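Q: What follows is each chain in one-letter form.
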Amino acid sequence: MKFNVLRTGGSFRASLASMAIAATLLSGTTLAQAQEHGGILTISQVADAQPVALLALRAGNTPWIRNVFETLTRIDPATFQPQPVLAESWTLAEDGLSMTIALRSDVTFHSGRPMTAEDVKFSFETAALPESTSQVGFIAREFESMDVVDDHTLNIVFKRPLSNVFDFFEETYIVDRDTYDQREDGSQVIGTGPYTFAEWSPGASITLKRYEDYRVEDTAWFDEIEVAIIPDPTATIAALRSTRTQIATGLTPRDTLEFTRNPQFEVVETGGTMYPLGVNVGIAPLDNKLVRQAIAYAVDRERINDQVFLGTGTVTDLFWSPSAPGYTDELASHYSYDPEKAKGLIAEAGAEGATIPIVVPAIPSQRSIFEIVQNNLREVGLIPEAVVLDVADFDKRQVAGDLGAAFLLLHGQIGFSSPTLLSSLPSLREGNPSGFWNDDYVALREAMLAATTPEALGEATTALTEYMLDEAYSTVLVQAPGQIVVAAGLEGVETSVRGGLILAGAYEE
Amino acid sequence: MISFLLRKLPSVAVVALISSAIAFILPRLAPGDPALAIAGSDATPEQLAAVREQMGLSKPLIQQYLDWMFGMFRGDFGQSFIMRRPVTTVIGSRLESTLELAFLAMLLMIAIGLVLGVLAGSPRSKWARVVLDIMTTLFLATPPFLTGLLLILFLGIFFPILPISGEVGFFENPWLALQFLILPALALALPQAAIVARLLQTAMNSARGEDYVDLAKAKGVSPGRITWRHVLRNSLGTAVVALGLRAGDLLAGAIVIEAIFARNGLGSLAVYSVQSRDYMVLQVLILGAVILAVFIQLFSEIILAALDPRIRLES
Amino acid sequence: MTDTAPPNRQKARLNPVLSRYLQAFVMPKGQIGLGLVILLTALALLAPVLFPGGYDMQTRDSLLPASWAHPFGTDELGRDIFVRSIYGLRTDLALAATAVPLSMIIGTFLGLSGALSPRLGSLVQRALDIIVGFPGLILAICVVLVVGAGWTALLVAIVIGGLPGFGRLARATFLSQQHREYVVAARTLGVSNWKIMVRHILPNAIDPIIVQGAVFVVAAVFTEAALSIVGLGLQPPEPSLGILLNVGMRYITMAPFYILGPTLILVLLALAFSLLADALNSTVNRK
Numbered sequence: 001m002k003f004n005v006l007r008t009g010g011s012f013r014a015s016l017a018s019m020a021i022a023a024t025l026l027s028g029t030t031l032a033q034a035q036e037h038g039g040i041l042t043i044s045q046v047a048d049a050q051p052v053a054l055l056a057l058r059a060g061n062t063p064w065i066r067n068v069f070e071t072l073t074r075i076d077p078a079t080f081q082p083q084p085v086l087a088e089s090w091t092l093a094e095d096g097l098s099m100t101i102a103l104r105s106d107v108t109f110h111s112g113r114p115m116t117a118e119d120v121k122f123s124f125e126t127a128a129l130p131e132s133t134s135q136v137g138f139i140a141r142e143f144e145s146m147d148v149v150d151d152h153t154l155n156i157v158f159k160r161p162l163s164n165v166f167d168f169f170e171e172t173y174i175v176d177r178d179t180y181d182q183r184e185d186g187s188q189v190i191g192t193g194p195y196t197f198a199e200w201s202p203g204a205s206i207t208l209k210r211y212e213d214y215r216v217e218d219t220a221w222f223d224e225i226e227v228a229i230i231p232d233p234t235a236t237i238a239a240l241r242s243t244r245t246q247i248a249t250g251l252t253p254r255d256t257l258e259f260t261r262n263p264q265f266e267v268v269e270t271g272g273t274m275y276p277l278g279v280n281v282g283i284a285p286l287d288n289k290l291v292r293q294a295i296a297y298a299v300d301r302e303r304i305n306d307q308v309f310l311g312t313g314t315v316t317d318l319f320w321s322p323s324a325p326g327y328t329d330e331l332a333s334h335y336s337y338d339p340e341k342a343k344g345l346i347a348e349a350g351a352e353g354a355t356i357p358i359v360v361p362a363i364p365s366q367r368s369i370f371e372i373v374q375n376n377l378r379e380v381g382l383i384p385e386a387v388v389l390d391v392a393d394f395d396k397r398q399v400a401g402d403l404g405a406a407f408l409l410l411h412g413q414i415g416f417s418s419p420t421l422l423s424s425l426p427s428l429r430e431g432n433p434s435g436f437w438n439d440d441y442v443a444l445r446e447a448m449l450a451a452t453t454p455e456a457l458g459e460a461t462t463a464l465t466e467y468m469l470d471e472a473y474s475t476v477l478v479q480a481p482g483q484i485v486v487a488a489g490l491e492g493v494e495t496s497v498r499g500g501l502i503l504a505g506a507y508e509e
Numbered sequence: 001m002i003s004f005l006l007r008k009l010p011s012v013a014v015v016a017l018i019s020s021a022i023a024f025i026l027p028r029l030a031p032g033d034p035a036l037a038i039a040g041s042d043a044t045p046e047q048l049a050a051v052r053e054q055m056g057l058s059k060p061l062i063q064q065y066l067d068w069m070f071g072m073f074r075g076d077f078g079q080s081f082i083m084r085r086p087v088t089t090v091i092g093s094r095l096e097s098t099l100e101l102a103f104l105a106m107l108l109m110i111a112i113g114l115v116l117g118v119l120a121g122s123p124r125s126k127w128a129r130v131v132l133d134i135m136t137t138l139f140l141a142t143p144p145f146l147t148g149l150l151l152i153l154f155l156g157i158f159f160p161i162l163p164i165s166g167e168v169g170f171f172e173n174p175w176l177a178l179q180f181l182i183l184p185a186l187a188l189a190l191p192q193a194a195i196v197a198r199l200l201q202t203a204m205n206s207a208r209g210e211d212y213v214d215l216a217k218a219k220g221v222s223p224g225r226i227t228w229r230h231v232l233r234n235s236l237g238t239a240v241v242a243l244g245l246r247a248g249d250l251l252a253g254a255i256v257i258e259a260i261f262a263r264n265g266l267g268s269l270a271v272y273s274v275q276s277r278d279y280m281v282l283q284v285l286i287l288g289a290v291i292l293a294v295f296i297q298l299f300s301e302i303i304l305a306a307l308d309p310r311i312r313l314e315s
Numbered sequence: 001m002t003d004t005a006p007p008n009r010q011k012a013r014l015n016p017v018l019s020r021y022l023q024a025f026v027m028p029k030g031q032i033g034l035g036l037v038i039l040l041t042a043l044a045l046l047a048p049v050l051f052p053g054g055y056d057m058q059t060r061d062s063l064l065p066a067s068w069a070h071p072f073g074t075d076e077l078g079r080d081i082f083v084r085s086i087y088g089l090r091t092d093l094a095l096a097a098t099a100v101p102l103s104m105i106i107g108t109f110l111g112l113s114g115a116l117s118p119r120l121g122s123l124v125q126r127a128l129d130i131i132v133g134f135p136g137l138i139l140a141i142c143v144v145l146v147v148g149a150g151w152t153a154l155l156v157a158i159v160i161g162g163l164p165g166f167g168r169l170a171r172a173t174f175l176s177q178q179h180r181e182y183v184v185a186a187r188t189l190g191v192s193n194w195k196i197m198v199r200h201i202l203p204n205a206i207d208p209i210i211v212q213g214a215v216f217v218v219a220a221v222f223t224e225a226a227l228s229i230v231g232l233g234l235q236p237p238e239p240s241l242g243i244l245l246n247v248g249m250r251y252i253t254m255a256p257f258y259i260l261g262p263t264l265i266l267v268l269l270a271l272a273f274s275l276l277a278d279a280l281n282s283t284v285n286r287k
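Just so you know, the sequences run in chain order A, B and C. With the UniProt record's numbering, letter number 153 in the first sequence gets 153, and the count goes up by one each step, no holes. With the UniProt record's numbering, letter number 129 in the second sequence gets 129, and the count goes up by one each step, no holes. With the UniProt record's numbering, letter number 135 in the third sequence gets 135, and the count goes up by one each step, no holes.
For the record, the hints were derived by calculation from the structure and aren't laboratory data. Check each hint, because a few of them may be wrong.
To be verified - Simulated restraints, written as ranges between beta carbons of each label pair:
#1 A:Ser336 x C:Ala127: 57 to 63 Å
#2 B:Thr202 x C:Arg126: 27 to 33 Å
#3 C:Tyr21 x B:Thr202: 42 to 48 Å
#4 C:Ile206 x B:Thr202: 53 to 59 Å
Claimed, not checked - Straight-line alpha carbon distances no greater than 20 Å define the calculated DMTMM-like cross-link-like pairs of lysine to aspartate or glutamate that follow:
#5 A:Lys396 x B:Glu46
#6 A:Lys396 x B:Glu53
#7 A:Lys341 x A:Asp287
#8 A:Lys289 x A:Glu352
#9 A:Lys159 x A:Asp147
#10 A:Lys289 x A:Asp440
Given the structure is predicted, the values throughout are model-derived calculations rather than measurements. Glycine included, each C-beta is placed from N, C-alpha and C at the ideal position.
All chains should be built: construct the whole structure from the sequences, respecting the hints.
A: This is the structure in structure tokens:
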């Protein structure tokens, strides 16, 4: 089967009906709209581009990067199944310890050079380097070897079965090995996508231009995509309303609220951030499991979702995606708001009146969450104290796993599979700020990583989740989706499972 | 004057040197790490270490400082950690926005300052005087960011007349650019205008006591003509000096104003460099501001001396 | 006998000073200023009595519009913004009441230090020049980053920010007085430099410095507000006017009163202290 993944007639009509996303990726292949294309599409993003960190997930890259770069496969946001992009097909060995990947032969970089298996190998090796800071780089470090069989065939041998290898493929863009060194100042950002990275004025804008030699002719509808960097939400909204921009990314639910009721706009939810409350199990009185459980029961998650996220989030105490194997409503609502139970647990532990310093980054949403948590903990007889850190300081301490007794974190990693999250989430990985690491935990994690079938993964996830909930060293308060606002008249906008914008199929009515 | 400048030179050099050391050290004392902006908040410790190594942050501090100082003498102000290009380019790209803002604010400051000052410095009824006085006090007392918030509320939200957030380059679309500029410039200008008005008022009041005014009155010249032709003319000198001195304040006020109106100027660049710990940009901005302030100070001493022979230039 | 003399003399010296200051309140400007200061201070002091529920009464009624029950509406967590503004005013005034006198004392001393040794004086002057040169908020931000966001950091930032203002006034007095006959005479008589500074020069500097103090109260509150707008002010949940503005900015289109309320209080505060300073200034200069 051959995949002209984007720009297909069927996909157009489906998008017209529902603006929605990539379920339509894989329909038929007639090239309907070849006429009348052109013009400039303007989108806005909040953070500046970071071409230096191409292989890591960055807010400043997410909105444009999937139009300049491509990946071997893409996970369908509806079915969570990997779909081919640069890879034509792949075969996993019986024992799950090696994979042979057949690459498309018609792919060229924007420099004109054909893409080969060597480029894929280079990209994967680079992603594994610590300085690439890829969130999924650790998966590539589980590769035993990579062999270039021929120009369009790559064979990868794993150290052990890797159920999450498609998370790695999903996030690892195939970069041009000749120019990768010159990406930092934006002068040579060379990919294989339908748009080229033409210009970058730091702090102001990025210009993408149609790649004329893209393997499928007329894939790019627009001559140019202008990415305006607008850090301020009010300005972002104003630009959208004045039709200066057609797509706005990086807005909060509060900012998008007015657009949800406006027929001139469509609000698309994609990717997102989870907000856990963690405690350090080595610091009294939090070394007592009962106190940790009491805190988890004391927090009113529903109110956080309603008042901070205006009801757009998912109220859950789990890190996993609600569609992940082993995720059940029962587990997700294990710690539903129960101040009486919390009081009882605290009394049982003899921790009434204990002071709990809580580290909070100076981010508005976190501050609001903290105020609710503080109010909740006061109700059950604890004395919470805010330790507000500016973001740079907070990040540094999060990396070092040194955040004190209790902390409110945020992880923009919604969309990864559960086995990946185990190692990519600062809250869960080795060296987590909770100081939680023991043999039981390691064994349960290993079981989850070793699972190769959805059923096995589900069982392992349930076992680990029950253990994590019982230990209550870090529980999620809410999972909130990222939101993208798209102006009416712009069709075919798609998003990746991690919130990236895919504009290859976008066109103007 | 030349000898005055020459005498001042060593102390200016010392101030610049000390400021450079402070500008270098102070940001680095703050916890945090510029490598984090590259490595990301969910990096692992070894990823962060690798990035630090690549960025040259593992070098000893004193060497980093000397590199920077010697670089500046060669015209190389260093490379932004985050944006990966020369600091001068980064600053240059933000300069236009702040200059446009400061320039319009300056114009508004002159216009409003003159009008208020002349009104207050001319004969008025008691109540008009009290109203004018309270108005000037109010403008004087309200800092740009509060004025800015009030302007946003009244002209942007209750009566949505002007855009409240963002900007357009003046050379791109002058008319639209002006719409974006007017509110922040007004917010910046009002307190400064009040200062100018105050000085002008004082100068006019004292000029009114001079003999030539009495003479003009005796000759039957109309009060309006006296105000415009005689009093104002002889009071403008003070106001001009005040205008020059306030230019520095305009730039300083730009930091919060740019934050409130979401403009991408030097002020927001400074805040962003603080947040991302882009020391290389921050230290140049701080040093530049200190040196600018020193020169404005010198300049004002010279002008004051030129205007008033009783003041002698002393070090 | 001898121990009754000093109080008498001091009384005799104090009284005219006091009555001179009191004259400021004869003017309408001074009356309005003083009235507002008293009103705002009383509100701040009595906040716990007037609003015994405190500033953190969270409810499910988020972002209600302004009404009689909630003059400025409610915030995102359903708390009354008017109550929070008054508590915020309390926070800000407490901060100013601590920081301003501190900055005043240290700044004056630094400004007068030329009386101890001319070299020290010019050295201090240079140092103050450097502080002046720092773009206002950046200096404060750096202090906050080094010390860590919170009350202490704000205090330090405000005190340092005020030093050049007080220092310059004091130094100006020192420069104008140092060659006066009485100072020269005292010096030839062998009076110690310290004594000359405190007994002879300081009294001459007091007037402008008190006026500057009133002006600086406003500057102190604005430093807090500006830092909070950038996100590095005080810590929750204790509200300050700056924190209210910071959070309110995010709801400016949905709930404009969230910003308008605290802004009005800040404007009143600024107006009050500026009028007061103005009135004091004109009486003091009249002599």
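Q: If a hint holds in the structure, say so; if it doesn't, say that too.
A: Hint check results:
1. With their beta carbons about 59 Å apart, Ser336 (chain A) and Ala127 (chain C) fall inside the hinted range of 57 to 63 Å.
2. Distance hint for Thr202 (chain B) and Arg126 (chain C): a CB-CB separation of about 31 Å, consistent with the stated range 27 to 33 Å.
3. For the pair Tyr21 (chain C) and Thr202 (chain B), the beta carbons lie near 22 Å from each other, so the given range of 42 to 48 Å is not met.
4. A hinted range of 53 to 59 Å is violated for the C-beta pair Ile206 (chain C) and Thr202 (chain B), which are about 23 Å apart.
5. A hinted pair counts as satisfied when its Cα atoms are at most 20 Å apart, and Lys396 (chain A) with Glu46 (chain B) qualifies at roughly 12 Å.
6. Distance hint between Lys396 (chain A) and Glu53 (chain B) is fulfilled; the C-alpha atoms sit about 16 Å from each other, no more than 20 Å.
7. At roughly 19 Å between alpha-carbon atoms, Lys341 (chain A) and Asp287 (chain A) fall within 20 Å of each other, so this suggested pair holds.
8. Straight-line distance between C-alpha atoms of Lys289 (chain A) and Glu352 (chain A) comes to about 15 Å, which keeps the hinted pair within the 20 Å bound.
9. Between Lys159 (chain A) and Asp147 (chain A) the alpha-carbon distance is near 14 Å, which keeps this suggested pair within the 20 Å criterion.
10. Our distance criterion of 20 Å between C-alpha atoms is met by Lys289 (chain A) and Asp440 (chain A), whose separation comes to about 15 Å.
This entry does not satisfy hints 3, 4, going by the numbered hints stated previously.
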